[in-house]
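Q: Between the sequences and the hints, there should be enough to build the whole structure, so can you do that?
Listed below, chain by chain, are the residues.
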Amino acid sequence: MASVLAVIEQRDGVVKRVSHEALTAARALADGMQGTVTALVLGPVADTSTLGTYGADRVAHVTDDGLALYQPAAYAAATVAQARAEGPVTVVLSATALGKDLGPRIAARLSCPLAADVTSVTYEHGAVTVSRPVYAGKAVYRLRIAGTPCVVTVRPNSIPPLERARSAATVSASAPTEPGPAVKTVRVKEPPGARLDVAEASIIVSGGRGLKEPANFALLEELAAAIGGAAVGASRAVVDAGWRPHADQVGQTGKTVSPNLYIAVGISGAIQHVAGMRNAKVIVAINKDKDAPIFKIADYGLVGDLFAIVPRLTDEIRKLRAG
Amino acid sequence: MKICVCIKRVPDTETRIKIAADGKSVDEAGIKFILNPYDEFAVEEALRRREAAGAGEVVVVSLGPEAAQETIRSALAMGADRGVLLKTDIRSLDPLAVARPLAEEIRAGAYDLVLFGKLAVDDYNHAVGPMVGELLGVPCVTAVAGLELNEGRGTAEREIEGGVEVVEFALPALLTVDKGLNEPRYPALKGIMAAKKKPLEVKPVELAAGGVDVLDLTLPAERQAGRIVGEGPDAVPALIEALRHEAKVL
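Protein sequences appear in the order of chains A and B.
Just so we're aligned, residue 591 is where the first sequence starts under my numbering, counting upward by one.
Just so we're aligned, residue 110 is where the second sequence starts under my numbering, counting upward by one.
Read the hints as simulated data drawn from the structure, not as lab findings.
All the given hints hold, so there is nothing to weed out.
Below, a list of computed lysine to any residue pairs in the SDA-like style, where the Cα atoms sit at most 25 Å apart: (1) A/Lys-845 - B/Val-135; (2) B/Lys-111 - B/Lys-305; (3) A/Lys-878 - B/Glu-331; (4) A/Lys-880 - B/Glu-123; (5) A/Lys-779 - A/Val-604.
Values in this document were obtained by computation on a predicted structure and should not be read as measured data.
A: Below you can see the structure in the form of structure tokens.
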């Protein structure tokens, strides 16, 4: 029987939200092909009970403490072993830092096609069919993948996690010993203060050259904090100028994001920037130039001095949150 | 140190994409092509490592059409020693089909270090580099934004969501590199002149069909321009009202 293998990510022993999205995608595929979903959990995770809720029929758990951090070779070996045990299989991962690294490794080991960073995946006319934005979203391919096995990585925030009344039995699995090339993740450095990544945030406040100098990004940090759970992004111009880290860059040579709300502050709207954020559900633009291209794609525009507007916006949102 | 850098010819990021008549590919008429921006970091890193070692060779390899010779020349102008074009007019959407001939070429070169950009800004696959790493069976680290190499061993830093992974590996290795690793140099006029005389070997390759079929390529629906809520800070309450009750995102 056809099977879909969803690779579950954990951080510090907790299943990541994006994995519920990957499971939801896996469930829809399995329903189309009348197959089953196996959730593969790598590393120590205390609670795997949500995995059934989001669509798994079965949970295979490799509890090995050595897999607490992402170890490319061991993760690839364990995933490939499970995939081979599943029969004709479609492997689904999230297109995160981990999935973008692991997906290609698995496809190479299984000698099979990979569709990376897809925004939709369905089973149509007997084949896995995906949409994948290219040129940072300036165009979209619809691709049909020939047969199994195959590997699909799903872009975060593309597929809303869907809960179902289902429970899955957990079985233990083991990681095959990997005599392969020596690559070892020794630790994860976390910056002071929990930083939310722009690729994962549901609300992004982004700044451009209009901020005039790096210190003024404090205005956006305050706005993001007032909103709560918002990330601060940046345009290429200010990243190239060294004001903000590259990790925060939104656009064709940065990250492609699809939050519920994107607030562009002092960003003119260059084509390479717009490519990276045009899939936001709602776009707000704040800019002093009423002819800036960003207003052509924004749902709501505010024309004027950002140094007056942004603090007021922060204030009003604080009142709202307090009220 | 013998270093291979894999590079790709891609449309300039300022390009507006048009769909070709077949409905399945990009209309290349009038498009300016450039060296993939992430590959510039890879070329720069290779040059710095060669310069630091005081000896060695930097070879650029590209898979693509005849015109990719220009892309290779731009890397030679930055300072790479020689180039190899694996020439094909087929554009495969299956990254493994692209990785195989590259792996074959690289295997024959016996390199200490193989560098890729972390992704190409056209296909956005993030895939060919790690696939080549798997095919070669060498240690591979992707999206490297910090790198130390010392006596056959390396430590790389790669950005993950909300943090940085520190990864140790042994050489020979394959790395895909991220923006932030270095600041690529601009080719000097002297370099551009010298590049014209550097060796560039063209080898035709057969690309396998691969397992990915294009159904169509379309432009995303244009976003409708919304409305200007107002001017200046006094318009903020109206904006919040709209975000709460109209868009329902706050």
